[in-house]
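Asker: Chain order of the listed sequences is A, B, C and D.
Residue -3 is where the first sequence starts when you use the numbering used here, and the numbers rise one by one after that.
Residue -3 is where the second sequence starts when you use the numbering used here, and the numbers rise one by one after that.
Residue -3 is where the third sequence starts when you use the numbering used here, and the numbers rise one by one after that.
Residue -3 is where the fourth sequence starts when you use the numbering used here, and the numbers rise one by one after that.
To be clear, the hints were calculated from the coordinates, so they are not data collected in a lab.
Just so you know, these numbers come straight off a predicted model, no measurement behind them.
Please note that a few of the clues may not be correct.
Note: identical chains are not told apart, hence a pair may lie in one copy or across any two.
Said to hold, decoys possible - DSS-like cross-link-like pairs, simulated, lysine-lysine; straight-line CA separation at most 30 Å:
1. Lys92 x Lys82
2. Lys92 x Lys60
3. Lys99 x Lys82
Number of protein chains: 4
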Amino acid sequence: MEGRLMDIESIQARFRAFAREREWEPFHSPKNIAMALTVEAGELLEHFQWMTEEASFDLDSEKKEQVAQEIADVQLYLCRIADLLKIDMAEAVDRKMVINEEKYPADLVRGSAKKYTEY
Amino acid sequence: MEGRLMDIESIQARFRAFAREREWEPFHSPKNIAMALTVEAGELLEHFQWMTEEASFDLDSEKKEQVAQEIADVQLYLCRIADLLKIDMAEAVDRKMVINEEKYPADLVRGSAKKYTEY
Amino acid sequence: MEGRLMDIESIQARFRAFAREREWEPFHSPKNIAMALTVEAGELLEHFQWMTEEASFDLDSEKKEQVAQEIADVQLYLCRIADLLKIDMAEAVDRKMVINEEKYPADLVRGSAKKYTEY
Amino acid sequence: MEGRLMDIESIQARFRAFAREREWEPFHSPKNIAMALTVEAGELLEHFQWMTEEASFDLDSEKKEQVAQEIADVQLYLCRIADLLKIDMAEAVDRKMVINEEKYPADLVRGSAKKYTEY
């Protein structure tokens, strides 16, 4: 169970120390971190670009490890930018789920690719 | 303190139900979720594209709320793809931090933009 | 035939005037244009995120027009960044094709998804 | 002058042959090419992520060559997706410039970062 709880605060503290010890803080503006996060998202995407959707469910262990590392990179920059901007991620995620649930009422959008695309 | 712990498992369970109720599961291949995640990263990036680095530290409350929502969107798709691929995010993040700490020894890279860029 | 020749120089001159007349030149650093270009690539990607590969070949006319506009946006920022950095795009493309042809010899990589992915 | 005209049609014909000879056509759905294009945009972005805006104007020759190659990669996939979808790029760019000129009237948006951001 433990493993499924992510301690955002301690990740942020550790990343803060990591940047400070390397004197990399001057590079860590929110603007630059948003760029780095997008670069990492692109690296995650790269693993899937020539794969079929079907194959993307069933990665071999080497590919799965590479994908896990890209996911971690995105997660790290996500924690970093939230830290710099003092945004409470857990709370933002909760609010966004409520917004999405209201924006796409199940009865209205169910069972239609077209509708999904439109929304 | 609570707010800084993110309950990945419960976010994933809720997102799973969200997709199931809307019959959107057929669209949620890891390949497609990687695309959606990158699209959301692009939307996060958009908020910063014409801003100076300095200004990016100091968002007004409206902009900060918009940025928080984009961060939440990236976080949601990150949880979703990890769920689909059965990747333990908290564990992957821990391992990646160790990798980074070893890859960029503080003594070697400290205080140099050039070195930072090269690494 | 005419329509298939792209007059990069005149697009760049027009974009330069467009930025100057709006006094937007201060925002147009290569760094910022690279961000804007990536944002537009994300908007192009968005059109395809929930589509099957098969469906992506066969867009209806409304979707095709939206995609054409996103392609144009990426093209415009590509011309803009090349202009700012004094990079000859036509020449860079020629060189890159030669590099790719040599990097992926047809005899070696033919007929294999795996090989394609690896390269 | 010649170098500033880009022969889209011949780039597309060459890329078509390149894909055919390697039997990579099955991977080249518009969906997948949009992904590959975004990945390349991310690689272009990566060069600028820790740079100041000022420094981004003044690349050394090695960095400039790397950036030129990324620009070429984006251009190649842009030509490829337009070819697959039968979109006339030169014409789409012309139309988009007209749309932009009308959408952002110089008199209205001039000299204001805020206005730029809003539009």
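Asker: Hints first: check each against the structure and report whether it holds.
Answerer: Tested hints:
In this assembly of identical chains, the alpha carbons of Lys92 and Lys82 lie at most 30 Å apart whether taken from the same copy (17 Å) or from different copies (23 Å). In this homomeric assembly, Lys92 and Lys60 come within 30 Å of each other (Cα to Cα) both inside a single copy, at 28 Å, and across copies, at 14 Å. Taking CA atoms no more than 30 Å apart as the test, Lys99 paired with Lys82 passes in both settings, with 27 Å inside one copy and 28 Å between copies.
When held up to the earlier numbered hints, the structure conflicts with none and fits them all.
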